[in-house]
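Assemble the whole structure, with the sequences as input and the hints as a guide.
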Amino acid sequence: ITGGYLIEVDGFADSEISWFQTSQGMKVTIKYPKDDEINADQSAYIANYTQNMENAMFSTNFTDAELGWRKYIDEVSMVDWYIACELFGNSDSWWSTYMYKERNDVFKFGPLWDFDIAFNNDNRLGDATNLMMRTYAHEPKTWISRWWQDAGFVSAVKTRWTELRAAGLEAFMTNYITTTATYLDASQKNNFEVWNILNTIVYNELAARGSYEAEVEFLKEYVRNRIAYLDTQFEMAETICSVLVTSSNNSWGTVSVSETTVNANDTVTLTATPAEGCKFVNWTIDGVDAGNENPMELVVTSTTEVKANFKEIKKTLPKVYVETPNGVAITSKEVWTEECIIRIEDELGEEVMNTTTNFRGRGNSTWSYPKKPYAIKLDSKAEVLGMPKHKRWVLLANWMDRTLMRNAVAFEMARQIMDWAPRGEFVEFYLNGSHQGNYYLCEQIKIDKNRVNITEFEDGSATGEDGGYLLEFDTNYQAEINYFMSQVYGYPVTIKDPDEEIITEWTHPYFTYIDNYIGDVENALVDNDFETVFSKIDYSTYIDYLLIHEVTSNEEPKHPKSCYMYKDAGGKLCAGPIWDFDWGTFEPNKTGLLLTNSLWYGQLMNSAEFRTAIKARWAEIKPIFENIDTFIDEQADLIRESEAVNHEMWPIDSRHNYPNGDELMDFDSAVERMKQAIDDRIIALDSAINAL
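Numbered according to the working numbering, the sequence shown spans residues 511 to 1202.
For the record, the hints were derived by calculation from the structure and aren't laboratory data. Everything hinted at is true.
Below are the DMTMM-like pairs computed for lysine to aspartate or glutamate, each with C-alpha atoms no more than 25 Å apart in a straight line:
1) Lys1100 with Glu922
2) Lys956 with Glu968
3) Lys668 with Asp796
4) Lys618 with Glu564
5) Lys821 with Glu857
6) Lys1185 with Asp1139
7) Lys956 with Glu848
Pair by pair, the computed Cβ-Cβ distance ranges are:
8) Thr669 with Ser890: 47 to 57 Å
9) Arg853 with Glu1010: 23 to 33 Å
10) Thr1017 with Arg1150: 51 to 61 Å
11) Lys1046 with Glu1015: 22 to 32 Å
12) Ser875 with Leu694: 42 to 52 Å
C-beta: ideal position from N, C-alpha, C; glycine also.
Here you go:
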């Protein structure tokens, strides 16, 4: 009597040291006092107390407050425990059922434990329509069956259920499931990679549906159905309720409700609509936070006040933060600085990435400029600002570009007419806490299903025909390992992929294969053998590549520089993707075709078939170029504030030469000049192409 007790009703109690069994067959473990501390008197006391409770429960006076079970049990905790087990569909209720007793007090039910096969997990209940505590529990149901013969207990259950429903039970549970599922999203993916029970059978039936999202929806649906069923069992009286909806600020957003007057336990749909430049934050129901699901379904149990809360938002450019170990400076474009931290915030300031990465400089001539470009190699593939997963990304500085948009505009044009061009987003970049200005965070050109989608070589591939190649024609080839000079024209060709870890020497069969393949193309070009040429190159890609460079007046293929080509296993050689448009591009007053004598185009122009195809393709894609002004204006509006800060940080008018011709202009004038250059170029190309 002088101390407290904790017991557990459990079918496995007979495997414990301190346990006993009641006359109704309930197996009970004494959890406290502990096995090595409890004495015989204490053990006998709690066993006798439990048995006396059960005897009173089954006596003729069992409903009497002085003689029946209430003498031994706290009814409030018992009712809450019972409702919880029914609501959650805990088919294991009589296993892991805890009760505790303070000295000079009665038994109280709780705490709850062991609900992993509740909520109809493993199809234990078949459906949500039964009082499973009287049907499915493993141990004898005699206690609960007896309680249901007590009108006072039944009334207490119904009263408590009505209180819970009036307090917004369904909305609370649904919102809690949604919020928690969102919180667990990243973790659950990792979990099921290690312990994949999705779409499997554990005990009787399907234990887990095919996806985590399906599991969460099943859980919410079960809760809704279970509550609806318990409403019928606990006989809630029908009540007319009003739903009063307000907005925290009508100029920031409005709220609507499907019905304003309903019967108790009817469901209404609430929709919050934020005004432009504003954001929906959350709901409050009768002053209590009710989550941010929108639209939200609400079960109305009484007259309810619902408020939709909004706030003004000011979108900014996403922010990229890179921290190097101990703040070490990035001084090399060859050596990666490892174990850096990269953190990204989206335009609303919400963190969307926080992970480790390798980081270094990049570029050829651009690395020598004051504003440095950088390369990113994440430790694992990840989606970045909505762009598909990959490890490799670049931060383009665009230092020589007064508009900052030359690369972005060219890439957008190419995306509309070619198989792939780099995607990107303008960002504010911070290195070791120091703001570096406006950068263009974009995809690096790599072989990948979401980038240059060609076949990678598999280990053990014997011949050069078994995989795909990514090549770059560039006069800066000396900085690379695997390169060759093309056999006829002497163009410098770098093999970007397969890389030097695969092609370990110049006699490697992959190296020899692609060297000879390029040689075969060039020999056929010299001989004007276009049947052979077109059997080896996809000339439609060379036309698109040519037209993108012509309309942007990018003359880099003349050198050549940054000219990519790729070839898939068993496929033809293709031109692209495009790259490097930040200077010497979008210049007005350019006349005629600029590139007909660059790369292989001088020989290709000898083909009537090729010239005819250029004319047809130009007519097809010219409207895309004519309509690019909309994209340019959108991007200019997006970066205008950022550009002003960037220009103060990195003034390009300090240069001694002006390769673009707009360096001394203000931003808006430079943007207008870019649009005018495109318009002028389209007119010039119309004449030149139709004259081919």
